[in-house]
Amino acid sequence: MTVAGIFGRLTWSNLFPSVLVTQTAVVSMGLGLVAVVALVTYLRRWRWLWNEWLTTVDPKRIGVMYIIVAVLMLVRGGVDVILMRGQQVTSVGAAAGVVPTSTFQQLFSAHGTIMIFFVAMGLMFGIINLVVPLQIGARDVAFPFLNATSFWLFCSGMVLINASLGVGEFSTAGWLAYPPLSELQYSPGVGVDYWIWSLQIAGIGSLLSGINFFVTILRMRCRGMTLMRMPLFSWSVLCSMFLVMFAFPVLTVTLTLLFLDRAVGAHFFTAAAGGDMMMYVNLIWAWGHPEVYILVLPGFGIFSEVVATYSRKPLFGYVSMVLALAAITLLSFTVWVHHFFTMGAGADVNAFFGIMTMIIAIPTGVKIFNWLATMYRGRIHFSAPMYFFMGFIFLFTIGGVAGVMLAMPAIDYQLHNSLFLVAHFHTMIVSGVVFGDFAGLIYWLPKIIGFKMDDRLLKYSAWCWIVGFVLAFGPLYLLGFMGATRRTSHYASDTGWQPLFAVAGLGVVIIAVGVAIMLLQLLLSVQRRKQNRDTTGDPWNGRTLEWSIPSPAPVYNFAVLPVVEGRDAFWAAKQRGDASGAAAVRYVDILLPANTPAGLAIGMLAFVVGFALIWQMYWATPLAILAIIVVLAIRTTATDDSERVITAAEVEGIERSRARADLA
Amino acid sequence: MSVQAARAVQHLDHEVEADDRAVFGFWVYLMTDCVLFASLFATYAVLHKNTAGCPSGHQLFDMPYVLAETMALLTSSFTCGLGMLAARDGRRNAVVAWFTATFALGLTFLTLELAEFHHLATTGAGWSRSGFLSAYFTLVGTHGVHITIGLIWMVVMISRVLGPGLTRGNVRRLTLLSIFWHFLDLVWIFIFTIVYLMGSARV
Amino acid sequence: MSQHAGTERLDSGLAHAGVRSYVSGFAISILFTIAAYLMVTDRVLPTGPLIAVILVVALAQFGTQLYCFLHLGTESRPRWKLLMFIAMAIIVLILVLGSLWIMRNLDSRMTTPQQEQYMNSQGGI
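As given, the protein sequences belong to chains A, B and C, one line each in that order.
Heads up: the first sequence begins at -4 in my numbering, then just goes up one per residue.
Heads up: the second sequence begins at 41 in my numbering, then just goes up one per residue.
Heads up: the third sequence begins at 4 in my numbering, then just goes up one per residue.
Just chain A, same shape as in the assembly (with noise of 0.2 Å):
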């Protein structure tokens, strides 16, 4: 095999970005991976770092991490975006503009790739993987090696596509990468394969996430907690896994088929020798429409949490909450026309999911008047949750309104791939999933990490989302009337876009300003968070199980598992003065799954598959497959003995060392 061989396609030429702001984006990844290889080794935490973090098998520490992972690619996305809203403001008439037009093609795809299952999936898996066992009372999610691996995949794949940024390139066919472009004739460099990949084995990711929390919430609830008695964060999650599960493997086909037209030349979606490249449209759709409820449902959830919480009520109207999540589920799989109303169907198939479309808004709509239901008569505290969460009825309703408008397929004949529809999923998904998000984020980390954040900055970063917000994509609703496609780097003058645009990156500023509020507050919190310390475990007089336990969450959640009685189990418990659980407390020997580093070494030989691939260094490939089953094989024989024992004694000791609601 020659020297060419063993690199496959891969040569010098391909490290080397020739653009300024790919160097610039390199050179800054590179010294921010050696500072922080530097400051773990400075402070001599490398064994820390193994037996802590990367071989934990904790979801509470999984979730921490899939968290850290999701900020960190919020703000590459953000900085695409910063260079794409400076393209079309400046892009116009006789101007250059910021980038070359390849360039901001890559960003726009990066952007939505990166935002969508980086960003979003991760703060989704990260709060999922924090909350969940704590509200159901269980010790542990269902299969926990499964939960390590899972993460280590999802990173796997962020790796690959910040790769694409210093070795070789990334795609520039959007964030569904539609045929004939994403095809080799039309892209026949890396980008797509890079695209490919990193989804891929993301994909996978989450695909045994789903499963995993699909089962932990349905088997490992304590006693007494019957469906109906579970909070509705876990309801949204149970329903969200639901969709991951059913709806995740069409994505896996769907890349695997493109990826098999263009390493092998099938037919599947080109022009030529039979292919159909609408079966592609149709199949990623029918995946992406469910994929946009998984975001929305835990959003949804925490909403549910946060809202309850802060008017000091019970959620208005639990069943019709639930009904409500469980017909979004449903109908989340008859829809996904909606996405290609102009391909060219007939008027019966898109009446039918034009239909459907507006159907699906209905049980949305009743959450949103329970939200404010619960909320009315209540007494109010104003927290930065709460903020996120006016923002979030503020918003989202404007924004599903058209929606609606976009059901209808004689409008969307108009609106389709214009600035409107741009500006309509941004709304919901910023609304909906990311101050979701934030808010949950606020109102459980306390939890996890024993000291509160700071809620006069938090109020800040909001209103600057919020105010961000209106002015970034107000001007896109009217731009699209106008006529502006999404995707342009650059528009002849005499369209008169230019200051829609102009305040559309003055938006995108003031949320930029947010974001480093927050990141800013965080500093902050960590260093005053002595004086933040969560002292009671209850920071916000919360309603459900999760509150029972000290902060920091010790390793075991529980050291006792509670018996339920009814909903708000925990709110229940302070009526009656009991919030500390039976009076005599008897400590046992609790049994955790042993650390292991094979989750880590599957993330890793994911990516080399994935490299592989990618570069055709086809040699590498069945080499990693092995490798992987090796691993698991290995990991099986070792199940037999891989738990560890706390001792009655030590959990003793970590509940009194603890804060705790009854010591406070």
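Since the hints were derived computationally from the structure, they do not count as laboratory data.
Here the structure is a predicted model, which is why all the values come from computation and not from measurement.
There is no bait here: all hints are sound.
With a straight-line cut-off of 20 Å between C-alpha atoms, the simulated SDA-like cross-links for lysine to any residue are:
id	chain 1	residue 1	chain 2	residue 2
1	B	Lys89	C	Arg107
2	B	Lys89	A	Gly260
3	B	Lys89	C	Arg112
4	A	Lys525	A	Leu452
5	B	Lys89	C	Leu53
6	B	Lys89	C	Thr50
Got chain A; can you put chains B and C on it based on the hints?
Chains B and C in isolation, oriented as in the chain A frame:
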């Protein structure tokens, strides 16, 4: 009850619950695998007429050969079931015998299938000739990949049973493997019917 | 604790199964397979009805193996495995039938060669 006894009871309860969850979780995974195959079937259904001038199924499929493959796989599903009954009853040698038989029949199926693929590919009806052929190879090939994984798993399990024997963990893993193997025969029913029989029926 | 009680939690269907379940499942499946095969190779029906019949036979064999080999439907309440199976079946039906409807519809609205020829003869689009 002494501390040791209490710990042992807690451990066993824990184990029983864990086994229960493992089987249910694996069942749920198989349901997602069904959706995976359904997407491949949908793609096949959309593309099966797109032969682009190349041979169609009717001209390519050797029906007696396919029947033989089908019988091999079906029988292997049966022997796998008998193996699980033996595992339930603790009969270690019977377990090894039945699962070895299952492996042999499964390997026969896979060999026949690979030979068929090889024949098609070398006589000009390869993966990249037409939409129909791409869909055919991918659908049937994905099933073949699952079979291969099952065979590897079977080898590992047979060696485990020969070694440590029918421990609780091994019985659990055999249960998962057998559910997996039965599921693969179920998918094959549809491949046999939709790809081969319907392909043959449409002249 | 006996082995039986252990496997009862493990797979409640398996605990109560007997050899009979597997033998009858196997025999019925062979019958269905050969029946469908012979119907196609001997072409006993015209294409349309033939396809409908072999699909029904396939579903029958599917159900047989689900019951006899996988013991679906024999678990005690709550019947989560059965529920998950039904959920999957509904979603598969929606995805497959929906995709077929959509793609057929799109296909029927593609320009035919004759239409294209006519358009070109009139001076293009």
